[in-house]
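Take a look at the letters that make up each chain.
Protein chains: 2
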Amino acid sequence: MTETTETLEHRLSRIHLALEKEQLEKVDDVLSDLEPAEVALLLESLPPAARISLWERVPGEIDGEVLLHVHDEVRGTLIDDMDHAEIVAATTGLDTTDLAEIFEDLPQQVAADMLRSMDALQRSRLQETLSFEEDSAGRLMRTDTIAVRADVSLETVRRFLRWKEAVPDNTHMLMVVDRDGRFVGVLPLARLVANDPEMAVADLMDSEVDSIKVTMKSTDVATLFQTHDLTSAPVVDESGLLLGRIIIDDIVDVIRENSEQALMNMAGLDEEEDLFAPVMPSAKRRAVWLGINLLTAFLAAWVIGRFEAALDQIVALAVLMPIVASMGGIAGSQTLTLAIRGLALGQISRTNSQWLLRKEIGIAALNGVLWSLVVAVLAVLWFDSIAIGVIIAAALVINMLAAGIAGIVIPLMLKRAGIDPALSGSVILTTVTDVVGFMSFLGLATVFLL
Amino acid sequence: MTETTETLEHRLSRIHLALEKEQLEKVDDVLSDLEPAEVALLLESLPPAARISLWERVPGEIDGEVLLHVHDEVRGTLIDDMDHAEIVAATTGLDTTDLAEIFEDLPQQVAADMLRSMDALQRSRLQETLSFEEDSAGRLMRTDTIAVRADVSLETVRRFLRWKEAVPDNTHMLMVVDRDGRFVGVLPLARLVANDPEMAVADLMDSEVDSIKVTMKSTDVATLFQTHDLTSAPVVDESGLLLGRIIIDDIVDVIRENSEQALMNMAGLDEEEDLFAPVMPSAKRRAVWLGINLLTAFLAAWVIGRFEAALDQIVALAVLMPIVASMGGIAGSQTLTLAIRGLALGQISRTNSQWLLRKEIGIAALNGVLWSLVVAVLAVLWFDSIAIGVIIAAALVINMLAAGIAGIVIPLMLKRAGIDPALSGSVILTTVTDVVGFMSFLGLATVFLL
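Note that the protein sequences, when read in sequence, are chains A and B. Take the first sequence: its letter number 272 is residue 260 in the numbering used here, and every next letter is one higher. Take the second sequence: its letter number 306 is residue 294 in the numbering used here, and every next letter is one higher.
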């Protein structure tokens, strides 16, 4: 009975120091207590040099499992450090589903050799798994399903299981199939052990169970697991033939990755991004996002440039204009974030988006009026001009209304166009709030003050 | 065998239209096929009036389960619509863990009556659960654990289970305890069914299993489940006495909520926020965030105001200054988002934060130089002044370096101070990039151009 009281952060400091001081026994000490997923987290938390030092100390027998648990980008750096033989050794113990996940990250030569060294059955299984689309149920599915027939007795099932010997610990239910191998229901192990051996599987099985089509998208599978409180589910082909099972262990990863994705995408980052990637590739990737944003910044500057006459005569305008743009940006990003989460959860549809838009306009109007009064009073006190106060108040209300509308309309339009609203929504939104903010404030000033 | 092919979005449109046209049989039709968690999602996706209409059609026997699955804020609106008797009816079927989750949201009078109507055992159980801190293992724990002794045979265990009859379908393992009730290991049902009935529990049980202290934080429990691929785990008190079990169904919610939290908090929103909350309370909540941001906007305006002389003489400065501030803000928020995710995963510690800081400075320097060249060329072409090009380039490099440093240092400092970096990080970061951006650009211009 082990107890995990040490936090990752503490363990990380300990192993990092041991690596720096080259106290390799200490490193091995820490490693020996860890699960593969914990080693994966540690590797992800280390700068490149330390990461490779640690990776070389990881026992070969868990290499494959560790590779499975790291993010794609980190996996690439680890595989780069392995020679041909090490890669083959690491991946031989893995089941087909896991191997498929790693397979496409392998150097071509290694992948080809590996396919050649497999027996025909293994090879055809791997190729079948690879033939399913990424992010589909087929890729998540495990094929170590135990299936029984509905017309046999519990006693027969028990004898069968005892004869089979190796029943995976994570088997929580048996699949029940008809004579053609078509899925008809499940028998939870809890029912198998708690009932009279004379009873038939058919009397106890649960046939009201959701079966998952092998082509179903993995995010939809995750939703199904969550809404139906599943821990495992059967996977079937078009004709209902049982192909395998999906277990919740693999679904947890899908759920976590999906939730992280929106956060990372909103900052123009990839969910698989390595926190400790070297400077050069990181800088390259981020350059793209900065470049796109530069375009929108120049657009805003161009708008400001249209009002040089006003800026030339009233310097207060230059001082106050960022306030209008910034308040619009903040208000808009609140609406946008809510809409992005709602869309990700499938909670926004044609029928309720109108209501949502009206609600956000209402909020924008209330907060627009409230804060424009505050800003107006401060502006009047600062620049001793009632006209400037009135103009900034009007511009602020206009921009916050635009922000509320844009925060709903932009993600809906992007979604309809098949573009991830989290990735591009914030750039477009800021463009709107900058342009509307500068244009309304400087425009009103030009009309009424010059 | 049911098949779930209809997406939530489609179902939502269908039920929303039926509610609007008051086709109540159609509403009941949709409802009858749904799991409580799906009904909860539907309720969360409806504007207030439609939500209440739907809630009144939800069959009373799943009311309790539905209340469990909705976010806190929505739960409040649903409970407000129920009368005393309905609440009592809805919550009587729930087990103690679930009841505890709802209990604190109940009107005081109802809660008091409910406690009074319970028998002594129920009441003491509920009070015990409530005595554990929110977000601790004690609150996640279920007490329907089945425990056996290590020295008995599998046959005895089977007879015991058959005698017990009601073994929950989500039982995947039996807990093994010593004669004092202390936890010693687990016996997966898969091993129970696949082995010789003559064998003893001790021969087959897994004693290398992590037990969870009842006081452990629920986020740590979630990490443990993920890193150790658990589907259920025993909960023990200080002395190792078995108190209950935590199952993965409940952990999935913790994982999802934690991931969503960072996304929502970065926009100053609460994770429990109701997408369809009425205008007034939503506006109030968001007003606070806007007010905080207004302070920082005025700080930036004040900085700009220090340079009125420069702005008065060179209008190009007013046109270009938002570019410097905006590029810094974008670069900084990329670094900040990475740091926030890293901190949430526990991947950033004292030992690697130095490396991370150097990396981000390197990236900022590379992208700073790259984009400042682009901006400089465009500025020179636009305003026909080499001096302005040089000055904006220098200011941009300075601000992007400041952004990179602030993106790491701010979240680390907030974390150390016990403040959620996702919630306040972006406001502070924008303040830094605005102030540094305007100050460096206008300051350099004042020194070299006036």
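Heads up, a few of these hints could be off.
[To be verified] Simulated crosslink set (EDC-like; lysine to aspartate or glutamate; CA at most 20 Å straight-line): (1) B/K205 - B/E245; (2) A/K9 - A/E143; (3) A/K205 - A/E259; (4) B/K205 - B/E121; (5) B/K201 - B/E116; (6) A/K152 - B/E(-3); (7) A/K403 - A/D184; (8) A/K201 - A/E116; (9) A/K152 - B/E186; (10) B/K205 - B/D191; (11) B/K152 - B/E261; (12) A/K205 - A/E143; (13) A/K403 - B/E(-3); (14) A/K272 - A/D60; (15) B/K403 - A/E(-3); (16) B/K201 - B/D123; (17) A/K205 - B/D258; (18) B/K205 - B/E143; (19) B/K152 - A/D123; (20) A/K403 - A/E259; (21) B/K205 - B/D225; (22) A/K152 - B/D83; (23) B/K205 - A/E143; (24) B/K14 - B/E44; (25) B/K403 - B/D258; (26) A/K205 - A/D237; (27) B/K201 - B/E121; (28) B/K152 - A/E186; (29) B/K152 - A/E143; (30) A/K152 - B/E143; (31) B/K9 - B/E44; (32) A/K403 - A/D123; (33) B/K152 - A/D184; (34) B/K201 - B/D225; (35) B/K201 - B/E226; (36) B/K201 - A/D21; (37) A/K205 - A/E122; (38) B/K205 - B/D408.
In case anyone wonders, no lab produced these hints; they're calculated from the structure.
Cross-check of the supplied hints:
no.: 1; hint: B/K205 - B/E245; in the structure: holds (14 Å)
no.: 2; hint: A/K9 - A/E143; in the structure: violated (60 Å)
no.: 3; hint: A/K205 - A/E259; in the structure: holds (18 Å)
no.: 4; hint: B/K205 - B/E121; in the structure: holds (9 Å)
no.: 5; hint: B/K201 - B/E116; in the structure: holds (15 Å)
no.: 6; hint: A/K152 - B/E(-3); in the structure: violated (44 Å)
no.: 7; hint: A/K403 - A/D184; in the structure: violated (54 Å)
no.: 8; hint: A/K201 - A/E116; in the structure: holds (15 Å)
no.: 9; hint: A/K152 - B/E186; in the structure: holds (17 Å)
no.: 10; hint: B/K205 - B/D191; in the structure: violated (33 Å)
no.: 11; hint: B/K152 - B/E261; in the structure: violated (43 Å)
no.: 12; hint: A/K205 - A/E143; in the structure: violated (38 Å)
no.: 13; hint: A/K403 - B/E(-3); in the structure: holds (13 Å)
no.: 14; hint: A/K272 - A/D60; in the structure: holds (18 Å)
no.: 15; hint: B/K403 - A/E(-3); in the structure: holds (13 Å)
no.: 16; hint: B/K201 - B/D123; in the structure: holds (13 Å)
no.: 17; hint: A/K205 - B/D258; in the structure: violated (29 Å)
no.: 18; hint: B/K205 - B/E143; in the structure: violated (38 Å)
no.: 19; hint: B/K152 - A/D123; in the structure: violated (42 Å)
no.: 20; hint: A/K403 - A/E259; in the structure: holds (19 Å)
no.: 21; hint: B/K205 - B/D225; in the structure: holds (14 Å)
no.: 22; hint: A/K152 - B/D83; in the structure: violated (37 Å)
no.: 23; hint: B/K205 - A/E143; in the structure: violated (43 Å)
no.: 24; hint: B/K14 - B/E44; in the structure: holds (14 Å)
no.: 25; hint: B/K403 - B/D258; in the structure: holds (18 Å)
no.: 26; hint: A/K205 - A/D237; in the structure: holds (17 Å)
no.: 27; hint: B/K201 - B/E121; in the structure: holds (13 Å)
no.: 28; hint: B/K152 - A/E186; in the structure: holds (17 Å)
no.: 29; hint: B/K152 - A/E143; in the structure: holds (19 Å)
no.: 30; hint: A/K152 - B/E143; in the structure: holds (19 Å)
no.: 31; hint: B/K9 - B/E44; in the structure: holds (16 Å)
no.: 32; hint: A/K403 - A/D123; in the structure: holds (19 Å)
no.: 33; hint: B/K152 - A/D184; in the structure: holds (12 Å)
no.: 34; hint: B/K201 - B/D225; in the structure: holds (6 Å)
no.: 35; hint: B/K201 - B/E226; in the structure: holds (7 Å)
no.: 36; hint: B/K201 - A/D21; in the structure: holds (19 Å)
no.: 37; hint: A/K205 - A/E122; in the structure: holds (9 Å)
no.: 38; hint: B/K205 - B/D408; in the structure: holds (16 Å)
Hint compliance for this structure: hints 2, 6, 7, 10, 11, 12, 17, 18, 19, 22, 23 are broken, all remaining hints hold.
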